[in-house]
Structure formats: structure tokens, C-alpha cells
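Asks: Keeping the supplied structure of chain A fixed, place chains B, C and D upon it in accordance with the hints.
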Amino acid sequence: MNPMWIDTLFFYFFALLVLGGGVATITCKSAVHSAISLIVSMVGVAGLFLLQHAEFLFAVQIVLYIGGVMVLFLFVIMLVNLDESMQMRQFNRQWLLAVAAVIAAGVQAVWLLSKPADLPAAVPQVPGGPGNVQRVADVLFSQYLLPFEIASVLLLAAVIGSVVMAKKRL
Amino acid sequence: MDGHLLSWVLFTPLIGMAVLLLIPAERKNLIRLWANIAALAGFLVSLPLVFRFDKDASGFQFVEKADWIPALGVKYMIGIDGISLLLVMLTTVIGCIAILSSWNAIQDRVKEYYAMFLLQQTGIIGVFVSLDFFLFFVFWEVVLVPMYFIIGVWGGPRKLYAAIKFFIYTLAGGALMLLGILTLYFEHFKQFGYYTFEISELMKLNLSPVMEQWVFWAFFIGFAIKVPMFPFHTWLPDAHVEAPTAGSVVLASVLLKMGTYGFIRFSLPLLPKASVNAAIVQVLVALSLIGIIYGALVSLMQQDWKKLVAYSSVSHLGFCTLGIFALNPNGLAGSVIQQINHGISTGMLFLVVGIAYERRHTRDFKEFGGLGHVMPVYAIVAAIAMLSSAGLPLLNGFIGEFTILQGAFEANRAWAAIAVTGIIFGAAYLLWMYQRTMLGQITNPKNLRLPDLSFRELATFLPLIAWAIWIGVYPQPHFAVLEKPVAQIVERVRPDYFQKPVQQAEAPRAAEVAR
Amino acid sequence: MHPITTTHYLILSAALLAIGAVGVLIRRNIIIMLMSIELILNAVNINLIAFSRHYQDVIGQVFAIFVITVAVAEAAVGLGILIALFRNKATVQADEVEILKW
Amino acid sequence: MSYYTAQDHFVLVPAIMLALFGCAVFLFDFLIFPSPKQRKYLLFFLVLGLVFAGAGLWQQQSFLMSHGIPEITAFRGTLTVDSFALFFNWIFLAASFIVAIVSYRYLETENEHHGEYYGLILLANCGMFFLATGTDLITLFVGLELMALCFYIMVGFLRGDKRSNEAALKYLLLGAFSSGFLVYGFSVMYGLSGSTRLREVAISLATRGLWDPLVFLALATTAVGLLFKVSAVPFHMWAPDAYEGAPTPITAYLSVASKAASFAFLVRIFLGPLAASREIWEPLLSAVALATLTVGNLAALSQTNVKRLLAYSSISHAGFILLGLIAGNVTGITGVAVYMLVYTFMNLGAFIVLVALRRKNIIGDDMDDISGLMRKSPAHAVLMLIFLCSLAGIPPTAGFLGKYYIFLALVETQHYVLAVAAAVYTAVAVYYYFRIVRSMFVSETTDKLPVASSFGLRLALGVTGVMTLLIGIYPEPFLRLAQSTTSLVR
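Here the protein sequences line up with chains A, B, C and D, keeping their order. If you read the first sequence in my numbering, its first letter stands for residue 1, the second for the next number, and so on. If you read the second sequence in my numbering, its first letter stands for residue 1001, the second for the next number, and so on. If you read the third sequence in my numbering, its first letter stands for residue 2001, the second for the next number, and so on. If you read the fourth sequence in my numbering, its first letter stands for residue 3001, the second for the next number, and so on.
What the hints contain is simulated information worked out from the structure, not anything from laboratory work. If you're wondering where the values come from, they're calculated on a predicted model, not measured in any experiment. Where hints are given, some of them may not hold.
[Claimed, not checked] Just a few of them, taken from the derived set where beta-carbon distance is under 10 Å, the chain B residues facing chain D:
id : residue
1  : Ala1025
2  : Leu1072
3  : Glu1112
4  : Phe1137
5  : Ala1163
6  : Ala1175
7  : Leu1179
8  : Trp1214
Glycine included, C-beta positions come from ideal geometry on N, C-alpha and C.
If we strip away everything but chain A, and leave its shape as in the complex, we get (with noise of 0.2 Å):
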């Protein structure tokens, strides 16, 4: 088999997950559909991490993001009361307005992408170098210390925030 050709079918595949998982979250009435089709979608996400040889980065998404944040959707979900919620109306009034201008804003995108982009041209890689976790590693504790020492902070305070919300009485 003509590995070029998995490759391809997998991008295609996951990129099926993805776009077909995010459309389903937006358009499904109820809230719980919604999250598992943005599991689905965060899947498919994962996958093309996995082929982009992002190994690091597929396993913070399968941990993090699919397990936990979603299990936080699912949680608030389950606890605040939707039944209500289900009656209102679920799109605004200008939905329509909305599709169509994103729409062609999306387009337009895709069409001013869908030439080959002329990217700079790469370094390559030295063959049988560390491996992807430890250069990730290497890069983030020594180039991107600081951003990764606010990002502590930005944690903390997300955690107070997010008590501080949430809890009934201080």
C-alpha cells in the first residue's frame, strides 16, 4: 500500500470528522447532541494531529480537551436545568443573515487560500533527532518559559474565577 495514499484517505476521513462533527454542534437542538458532536469533531482534530506527526499535541487533545473539558460541558449541562431551555427558540432572528454573510466570508477564505500558499521554505529536519515530546519539551522550557509561566497565572485566576462563579456562598 502506497502510504501517501493512507494519508490521504485519512485526511479526508478525519477532516469528514471534523467539519461534520462542528456542523452537527451548531445545528443540533439539544445541548447534549451538541457536545457529542464536538467530541466527534475534537476527534477527528486529534486524528490529523496524529498525521501531522503532533504526538504530544494528540494526547493533550484526547486527555484535556475531549476528557476534560467535555466532561465539564456534560457536568453543567446535567446540572443546570435545560428542560426550559429547550422551549425557547434556539437560533436568533437574523440567523439567515448571519449564514449568508460568514458564509462568504468563508468562501472567500477558502478561495483566496486555494492557491498553493508559498510558505517560506522549511529547514528539514536532521533525520533520528529527539523525539516529538522532547522537542516540544525542549522548546517550551527554554523559548517559551514566560508565556508558559503567565499561562500559570491565567490558570489561577481561571480557577478562583471559576469558584468564586460557581459557588453559592464565599
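Replies: Same frame as chain A, now just chains B, C and D:
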């Protein structure tokens, strides 16, 4: 104090205001007394200007110059020439009178009222003495806020509408004017390599005619709204009618002069090419003439005493702008004199209206008639005011209008002819006004027991009457201080003017005839 | 079949961005709007990984880690606020969440 | 290769101080469970943090001046301390300080006095530091999110108030949405250059054609994200609701510090990586600025809620500041800096007066609540008058100076149409600002309750009032400082 005389003149009212703010608001009489003292002090401080002014010196006198915002090239630079001298003196005199006249009229929020008035005094004087365009603009805008409050808080029934209309009109004009100023400022940088707002520096600019015209129109909007010239006058009747008496007096006597002063001080000397442009002159003269006739005609139709006086301002200020754009010494000198005259006579007329209003709380002509029988002193004072406004010889109005007409005649006979009809209409509505209020029998029983002028009220008129007669009988000192600056401006705008010997001889003759 | 290039990934991510934007704009359900925002951030990540692959470096992957971190934080705070809102709603008995009127 | 040099530390000190003291506030609150009276120590921690951060900034400033160098970079170009960054950081610190000291009384009235609030102010300020100082896409993005996240929480801090919840949620939804677009643009920028340093991105983008599709995509998405952040029309719809629902001190903070940080960010991006596509974005931004002025001013005309009115007015101010960027020359960027400085003090001042009007059972942000203020509390009324005059741009208040610079920059770059439009809108703005004035000075008061007062409120009003007048009357030192920020313009 000697070197900073003009600064003292400028800031005395502000110091007065600062002290006033320390007085507790309950002690109304003390506040009134202090405000009068401060205003009088403002006048007394300005008196030395008259005595020390050297009418033969050219250029500005009492000049003070200091850096204010070096980063922008802004200087604190003040000084006066003959034109500003007259207007500054008018401001300090009218300020005193306006403050004195409001002793009884204002009972509510006395402290704020006088504080606003004194703040405004500083602003107005600042406009007339600034020699730095930035400083000028700051004072120009500073005047707005106190006037907004004077109309908006102590005014008549439609005060809020009138106040905000006045404010927005003037501010819009001011903002456009600022763009014009900045254009000059930037052009100066391009041509000379440094930033300055100094007027004498900006005069050295050499602009393309097109740019001059654009800047001219930007200035025009700012000044014409303030004057107000014909299509921009609609704020004026509202503001005048709704303002309290003292507010109307200051508004008419001094504030409107900021516009005409702007034309004389800035538009003409800074933009000479645009100012002699035939099309621009024609437009401005046409608007002035329309203003003269329109103001007079509308005055004729008024049932409201104050509105009549208000519209008469439109007509009189038309004369002033006509004189300016006649662009010759007679026109300009006449215009300045007429500005002073309008300040004196219209100030008096508003005081007259205010006194009647204070007693009867109405300004409808139908309510009055025959006041001369119960209030003889009042009727005499009103007669003087009316006649001075109508331009009777031996009183001030005649001198100004006559000199302007001379200037207009020299420039174009048709202009003078049209303006003369304005004078005739003017005499008509003023006499009619007098007849409807002072003469005849008392038709309304409420008018039977009106008290005549109190000493304080009379005191508000006396300086103005004295000044009116002074100008009417012996205008020479006034023309003398104007001669140099006016000649300078004409020289600047029309460099060829004085090279024609015939007209050169005419300039002094005008003053002679006027005498 | 053509080989898959970076361009393919760019187009895919642009499409996902558009889907996410549509979702935020047309839905009235707050949770689904939050999910649509997650879609947008996933589109960003697809982009980043594709470029990272093109340059044979890992900067794009590091960037993606930060994007995921931020997405998680936003989702957590957003859901917290949502809970606070619904708690009040239960007590004040408002019929409908007014905020989605714009 | 060392990961953390002395120079890195020197540059990072203010942020470290802010973050550390933020954590200290959280810890103190968590471990000691301070009683309501002890909560004032939290305020003490906060002020101390600001002072230390200020000391760090001061050292950097004097280092720059004494060595005569334009900038210090750290973390391999991730952070750049230049005059521009320092200028904005001073604004952030001042705003944080003023907001913090007025919050104490307000939160007690609202019965939501919790220590987390003060910690979040410090962390938000920390985020702003990175927005003004960062020159790396990832750092900027994470810094932006740090700031935004703190704001989402603070806007919703009145948890029992439905308005506050809704405001927070709306702000979060649209904020996250715009961040998504922004970071999409960033990802494309990275893709075009293979680097995340602004400098390298700028070089790569400049070598590509003006109408290169990828550059255009990066420009469009980044611009949408940034314009959302500064609440420019048509991306402004979150602002009035978020401003109205948030606790008033946070509204003030949001409208001043967050806006200043967003503008610092926006200017850095537009004059950095996107500088080469100026030909494309200049007309776009001109249209946006005009629309912003129009919508902001016209919508403000009909508001009856003062907070909402000030929200729309702050939208129109954003339009003004954008005009400075459109002019884009030295004067224009100085104008942006000066405008931001004066806007900080005058807008904070106006909101603080509203904070003082919040008393038991009176929300204090309606036009009726402010009516008759002159009789009730002349000092507040006069200060409010000064702030409003300044917002309207009437000399000799500071606001005039900001407008002056914008006009000058527009005239200098011959954008006469924009200049005239902006001039006309200053007149429109007077109408709605003076509706508040009218209400304060002419209308009768509706309640007898005296205005809230505390040491913090008085101090904050004093500082903002004095600064608003001082910058107007003696602007020289502030202008010198602002003029040094123009190193960004090449």
C-alpha cells in the same frame, strides 16, 4: 505689578472668583458685595491701560511672553493694540454693570451665579488679549461653559434648550476653527521648521491661495456663528431671550464681539489673499447686508420686547461685518467703534427691558404703554438708549454707522445704499418700540404703581450714558487709538491701498467728519 | 490522488472557523455558543499544527498547547458564570435570559 | 545557555510583583479568613504590590533614560521595555490603584466584599503588563487572555445581581469569540514567518505582496479580534451591556485600563507586523473609526442610564483614538498616548462620581439619581462637571489636549474629511455630556440620602480631578513623556 499689568487685568476676576468660592453660600449679601468689589477692581485695574497706552506706537503693547507648553510651541503671550484696548475696556465696564444689575434679579444660587460671571470675565478678556492662537482658543472655549450655566440655570422658561443650542453652535464652530488653526500651525512648521502659535509668526506664512481659502472658511464658521452672521444667527434670539438680564447684557455687549474681533485679528491679517478674494468678500458682504435688513425686518414684527432687542443685534452686527469687509480704514475703524457702540447701546436696552421685566414679569408689548408717566427717569434713560441705538447724531451710534457707511461707500456704492435702508428700518422699530412702551396712556392698571429707578439701577446706566455721549460728541480719542492698528491691517490685506494718494488723504478726513 | 499539502489544512481550518463563527452568531443557547468558540480554537490549532509540520519545528505545537490552555480556562470560567446566572434565574424566575439580544 | 538572565529579571520585575502580591492576596484571604474589618489589609497588600511594581517600572525608566538606549529586550525578544510600554504601564498602575481604593466602599454596599476581587485586579494588571511589553505572539496572546479572564470574573462579581451575571456572560462570549479570531490571525502570521517574534513576523510579512491572500487573511482576522477588544463599531455590541451590568468600579477599570491595554496591543500589532499592509488597513480603519464615532455619539444621545451613556461615549472615544493610529505619524502616536492618558483620568473620575452615588437601595446610575447633585453635594457636582467638560474636550481641561493631538495629526497627514467629521462629533458629544450637567445643576434632587463617602473615594476623586486639570493647564511633562513613546513609528 508694572510689568504684568495685562496679566493683572486678565486674572483679577479669576482671583475674585477664587475668593468668592471661600464665602459660605448662605451669606448672600456678602457674596453680592464681594462680586461687585471684584468686578469694580477688575475695571480699576484695567484703567491704567488707557492712560499708559501709547497711541502712536505701532504693534502690540503691554506684551508679556512666557513659555507655556514648549512641547507644542505654545506660549503664554498677551498684549493689546488699539482694537483690543477698546474691547477690553468695554468688557471690564460691562462686567461691572452686569454684576451690579443682578443684585436683586438673582435670588437663587447666588454664589454659583457670581462665580460663573467672574470666570466668564476672565475668559472674555483673555480672548481679546491673547497673541497666541492656542491661548486664544482656550479662552474662546472657556467662555462657553459659564455662559451655558448663566442661561441654563438662571434663564427663562426655555432656558435649557437655549443654553445647549448656544453651546453646541459655538462649540461646533470652534472645533472647525481649531482645524484651521492647526493647518496654519502645521504649515508654519513646514515652512520654518518649528512649531508656534504666535500670531506674529503665523503672519509670516506664505500659503497657497486655495489653502488660504479653506482655512478662511474654517475660521469663518467659527467666527460667523459667534457674531452671528445671517444663516448662523438662530441661536441668538433663543439665548438672548432666555438668559437673565445680566447674561443678555454680557452676551450682546461683549460675547458677540469675540466673533468680529476674530475676523479683524485673525482672518484678515493671517489670510490676506483669501480676505481680498472677490468671491469671498462678496459672499460675506452679502451675508452682512442680509443680516442688516433681515434683523431689522424681524425686529419690526416682534411682540416680545426682549426679542426685538435680540434681533436688532443681528442687524447691528451686520454693520460691523460690513465694515470689516469693506477692507478700508474707514470701514474697519467704523466697525470697531460700532462694536463698542453696540455694546453700550444694546447693553442699555437689555437693562431697560430687564428693569421692566423685574417689575412686571412679562415682556409682551401689549402689557406695557405709558410707562413714562409713572417712571419718568426710566423713560429718559430708555430714550437715550433707544436713540443711541438708532444712530441719532451726538450719540455714539451715529458715529459708528456713519463711518462704516463711508467705508462701504468707498468700496461699493450699492452696499452703502442697502445698508442705509437698514438704518431707516432700525429707527422705525426702535421708535415704535419706545412708543408702545413709554408713550401714550397707561392702558394696563398693573402699570400704575411701578416704582421708578432705584439708585443702584440708575448707577448701572450712568457709565454707559456717559460713554455714549463721549463717543457721540468727541470720538477723536477712540479713532486715534484705532488709527495705527487699522492702517496696519489694511496695509497687510491690501498692500497697494496706501499707495493711492487720494484715499490716503481720505482716512484722517473720515475721523474729522465724524467729529 | 493529490498529496495532502499545508493548503488543504488551511482550507479545512478556514471552514471550521466559519462554522464556529456561524454557531456563535446564530445560536441562542449559551452552552452551544461556548462550544462554537471551542470549534474556532480547534480551527486555530489545525492551522498551527499544519504550519508546524511545514517548518519542521515545534513552535506551532507549543503555540497550540497555549491555545488549548486558554480554551480550557475560558470554558471553565464561562460555565462558572453560567451556573451563577442560572442560580439567580431560579430565584428571580426570569422567563428568558436577556443577554442574547444584540 | 541560561534560561533566565539578570536582564530578564530586571524587565520582568513589575509583573512578578503584581503576580506575587496577587497570590499573596488570595492566600491571605484563604488562610486567614479575614473578618470584614480585616479585609482592609487586602487593600494594603494590593497597594503594596502596585508600589513595588511601580518601583520596578521606575528603575526601568531611569535605566532607559540614564543609558540613553531606546529599549531593553528580555527572554530572547519576547519582552521589550521601551518608552511606549512604560508609558502605558504607568497608566495601568494608576488605574488599578484608583479603582482599588474606590472599590472598598462599593463592595461593602453591594454586600459582595471578597478578597478575590483585589487579587484579580492585580492579576489583570499583570496581564496588561504583558500586553504593553510583549513582542511575541504567544506572550501577547496569553497576556491578553490573562487580563480578559480576570475581567470576565470581575464584571460578574456581583453574583447575586442578574445584570452582572448577564454582563459577564455576554462579555465572555464575545471576548472569547474575538480572541478566537485574533489567535487565528496569529496562527497565520506564524505560518507566514515560521516565528512568533513580532519583529521577524513583520519582516516576513513585509517581503510578501500587498495583496497576498495569506497576509490578507491574517490582517482581516487579527483586525476583527483587535477591534472587538477596543469596542470599535461594528464590534462594539458587548460594551454597553458589559459596562452597565458590571460593578461600577470595574466598569471604570474596564473602560480605562483594559481599553488602554488593548490599544497598546493594537498599536503594536498594526505598526509592527501589519505595518506593511498599511495601504489596505488604512481605509478600513478610517471607515471603522467614522462608524465608531457615529454610532457612539448618536447612541449616547438617547441614553437615560448614565453608565450606559458613558459606555457609548467611551465607544466614541475609541473612535478618536483610532484616528490617531490612522494618521500614524509621530504626532498621531503621541496623540494616542496622550489621549489614553487624559482619558484614563477623566473617565475614571466620571465613573467614581457614579460609584459615590451608589448607596443603600439606590443603584445610582440613572439620570434621575444624579439630578440635583449640585444641591446635595457641590463638590461632587463640580468635579463631575470638570470630568464631563474634559470628556467633551473643552479647554483648559485635559480632554482638549487629547483632541488637539488627534486633530493635529489628522491635519498633518491631510485627512481633512476625517478631521472635519471628528470636529462635528465633538459638538454632538457636548449635547449628551451636558444632559448630565443639566440634570446635576438644574433638576431637583429625587432622594435625600447623602452621597457615599470614604477616604478612598475622596482620594480617588482628588487625584483624578487634579490630574484632569493639571494635564490641561500644565501639560508639558506629560507631553514630553508621551512624545518619547513614538519609537514605534519608523
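Asks: None of the hints should be skipped; say for each whether it holds.
Replies: Here's how the hints hold up against the structure:
1. Ala1025: holds, 8 Å
2. Leu1072: holds, 7 Å
3. Glu1112: holds, 8 Å
4. Phe1137: holds, 7 Å
5. Ala1163: holds, 8 Å
6. Ala1175: For Ala1175/B, the interface hint holds, since the closest Cβ of chain D sits about 4 Å away, which is under 10 Å.
7. Leu1179: Cβ of Leu1179/B sits 5 Å from chain D, so the hint holds.
8. Trp1214: holds, 8 Å
Of the numbered hints listed earlier, not one is contradicted by the structure.
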